[in-house]
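Quick mapping for you: the protein sequence lines, in order, are chains W, X, G and Z. The first sequence runs 1 to 158 under our numbering. The second sequence runs 1 to 155 under our numbering. The third sequence runs 1 to 379 under our numbering. The fourth sequence runs 1 to 346 under our numbering.
Careful: at least some of the hints might be erroneous.
[Unchecked claim] Pulled a few chain G residues facing chain Z out of the computed Cβ check, cut under 10 Å:
{"hint": "1", "residue": "D134"}
{"hint": "2", "residue": "F138"}
{"hint": "3", "residue": "Y143"}
{"hint": "4", "residue": "V360"}
Keep in mind that the hints were calculated from the coordinates and are not lab data. Since this is a predicted model, take the numbers as computed values, not measurements. By construction, the Cβ of each residue, glycine as well, lies at the ideal position given by its N, Cα and C atoms.
Single-letter residue listing:
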Amino acid sequence: MQTMVQESWEAFVNLAKGLGITLKQMLVKPVTVQYPEERVIWPDRTRGRLVMPRDPQTQAHRCTACMMCERICPNGSIEITTRANEAGKRILDDYIFHLERCTFCGLCVETCAFDALRMSHAHEIAVRDRSQLVLHLQQENQVFNDAWRGGLPAKKDS
Amino acid sequence: MSTVSLESLRQAFPQAAVEEAGGFGPAVILTSVQELPAAVQRLQALKSQALDVCEDYTALEEGDNYILVLHLVASADVTARVTLKAPVAKATAEAPSLTPWYGIANWYEREVFDMYGIRFVGHPDLRRILLPEDWVGHPLRKDYSDDKLLKRPGA
Amino acid sequence: MSTEISSIGALETASMNTEEVTLNMGPQHPSTHGALRLILRLDGERVVSAQPDFGYVHRGMEKMGETLTYPQYIFLSDRIDYLASFFNEWGYCLAAEKLGQVEVPRRADYLRVIVSELMRVTSHLIWLGAMGMDLGAFTPLTYTFREREMVLDLFEALCGQRMTFNYMRIGGVSRDLPAGFVDKAKAFLKYFEKMPDVYDALLSKNPIFIARMKNVGTMPTDMARSFAVTGPNLRGSGTALDLRQSEPYSVYPDFKFQVITRPEGDSLARYQVRVEEMRQSAAIIAQALDGIPEGDIMSKVPRVFKPPKGEAYARVESCRGIQGFYLVSDGSTKPTRCRIRVPSFANLAVMPTLLKGVHVADVVAIMGSLDFIVPEIDR
Amino acid sequence: MNYIFDPAAAFAWCLEQLRTLATLVHLPVMAGEWVGSFLVMIGLFTVCSVIVMILVYGERKIAAHMQSRLGPMRVGWHGLLQVIADVIKLMLKESFVPAAADNWIFRAAPYVVFIPGFMALIAIPMDRGVIPAHVNMGLLYILAVGTPGVIGILMAGWSSGNKYSLLGGMRSAAQMISYEVPLVMSVLGVIMLAGSLDLAAIVEAQKVPYIIYQPLAFIIFLIASVAETNRNPFDIPEAESELTAGFHTEYGGVRFAYFFLAEYVNMFVLSAAAVTLFLGGWKGPFLPGWVWYFAKTFGILFLFMWFRWTFPRLRSDQLMDLGWKVLTPLAFLNLIVTGLVLVLLK
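Just chain W, with the same shape it has in the complex:
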């Protein structure tokens, strides 16, 4: 009888403790971030969509069409076509990036020996049509700078 009363009392106390926690939580500011208006700051290394950064002055990209990224990509989301330039050297013709197949693993950036690729912070990349997901990176002539969606993360460790 005594243990029963004691157990019931303990159960009651523990129930009350749980109630106390939820009540206390009501007085604390919620952690919700109201997304489109409020935004979190992405860390430097956040991997968003692939971009080919260009030199702000010369507008030149650094891709030499060595095909390493195409070879390492596990999903085949990179397709590179090449042509010979006037000097007969192989240069980049078209850098086709299939965003719909990309898993943002970042192997292409890691394997690039010429620092020609970066994963930007761009994450709002929904489009209305699948064909818009096939991108030609060498044709994008925006100069990526810090003003553009949180800037371009450094490749090497900060």
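Based on these hints, arrange chains X, G and Z on the given structure of chain W.
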């Protein structure tokens, strides 16, 4: 550290090839598929280190054979481990079921059947487990082909 | 229900026409945690037999392992068990390193331990919240997710992603710690220290919760062994099998921690093991953060990784049990066989046995306490 | 005249105006009364809907803040219009009947669940003299009228043609029948103290709130009413994680809205009953009676919500155990002690 010694295994399996292995346990026991249940029985009877846990049961393909690969562990002594291998001829693709010895063998054998098409004789409920019932073929066989599935885009 | 009532029921069923009902639980059901289908035969509220049906998320991971090169597969291994990505990566890398006899620098090993233990904490947090939700307590879920987000922030700062990290490499890790990581991680640990008390008050000590979990789904040790159950489920049945201690891989011998076991084997025991394990993991992380050695994070690995002919089976203690990778190499850049031994497969295999004769309401309690991830089972 | 402090007078005045209006348009005086009753009903339904809207919004906000979330924030200031948006959405939705359903029972069930709750509401005094319908056996009336709701749930569970619904309906029936007993038993002590079944008289009889004399009965009443309204920790009939949504799995649109309405109206009725029986009804210093009445009722409703967002759910057999093996004997004990004390004091 007390693992199953090679000598004791060689004594227990006079006919089977017992080789030292760097991989999983101290030894790989190669036995014929007919003797598989007997081998398992003997391994389970090893004193104090009865290998009674079937940690993994799978198969692989090598030449004309599928090889059943069992990774066995002793429940009393986790360092006691053995890899058990038994080749199954591709032509017959039949093996005795180990369901009486290991509870988990039921599902593992279903998986091997699903992926390699090896039929386990004596299995109570040999159905596909991961793939749909009406799937054609056994995908982990090297000669399995399904253009739609295996073509890597861009590659 | 009491015995008197059920005996009256038995009397009446003699004259009444009763039948068993087949209840199809899933593949879309709130508490099957993914696309798992349970075919339940019910006698009233009692389960007569349960037959899991899965494979809805089968992606052919083992087949893909044969078509991807060793470094390429790591990103995919993240997706085997998406709540324990680091363990999958680690297991795969360990197996590949064994094949190619690659040494891992100590610093890289420390980083691996830190992220993996953090991963264990997040995985257990999700499980804890989901467990509460299965039993009708929705609030703990939001709390545990709040804490998990903090860890994911750490992961994102480290490797740029929140769930599919692609962080480890054969022979090390891809990125060194970012500035401020250690402090942030320590701040999290400090914050996390008092959280288990909150969960205790909401769940562990709540009499309703205890009533729902105690003596439900009791799994004796020999049953667990027969089904090759590993991880917290096995430790809840009284067996102290934890690869981190019984055969330490990587740098685990450096750390002091306890292997938590409970002898009862019921859902409550499995629950308690996991809650305690979170504390132990926090202890390991704290030790590792203090002891990170200087040095490289990658050893010299050829750009084209071609291990010699042979095979390797490597296992890690993931949050759900023993995660094993069995790789067979023929000397080329791709393995000829990539077998993934997933803990959830075995943990689910025991379920039909556990579910015999329990209440429908207990099905979710048992399922929750076994903590399986369906995509991991399906691979 | 201060109608805020004396809504009874306001009520009487309105009725008087209606009578006058009736005579003006050469109708019998009784017609005024009929129109009056009709208007009272419409008014009560409106009050009912408004209360439910407040409750739904309140519950969502309370739940959210207990869970470190914000809850509805988009529609209107801090999501105030969210409920209205939801109601419009529910009304515009197609309300279909599943092919396997028992058509007419399926259609009728939501109303069978809702009407008893609504009917019980009319007998509860909101202020001195403000009772939509003064029934002199009011307590008996609300207990009796509140019960048939379970039939509706059973109908919904049966007719949906869904096994989850059926399980939910069966559980619900078992649960509600079991918890009627302690509920009624706990009220008996109050009746003995007040010596009346008239709710207004019970309130008037409370010099101090009866919770002081009958704390055990109050707790039993509270627990039983949580169970009666099928709310967590006793929400096994609609247990989301096992039975998806129990008896209203197959419902959508307006019919679902009625289930929703019924749940909250029932909650309100039982809270109002608890306030009337144990907390002194409309009585309270300074403020007008109806303010006290609503304040106390919403206080109890907050308790309901607080429980729901804190506790896990019991299993059906444990629920039965609690009802029959704990609450019912305790209620009997309370009854005996109350009786003995009353006899001894006499």
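Going through the hints against the structure:
Contact between G/D134 and chain Z, as hinted, is supported at the beta carbon level, the nearest pair being about 5 Å apart and thus within 10 Å. The restraint placing G/F138 at the interface with chain Z holds, with a minimum CB-CB distance near 7 Å, inside the 10 Å limit. The criterion of a C-beta within 10 Å of any C-beta in chain Z is met by G/Y143, whose closest approach is roughly 7 Å, and the hint holds. Hint status for G/V360: holds, given a least beta-carbon distance of 6 Å to chain Z, under 10 Å.
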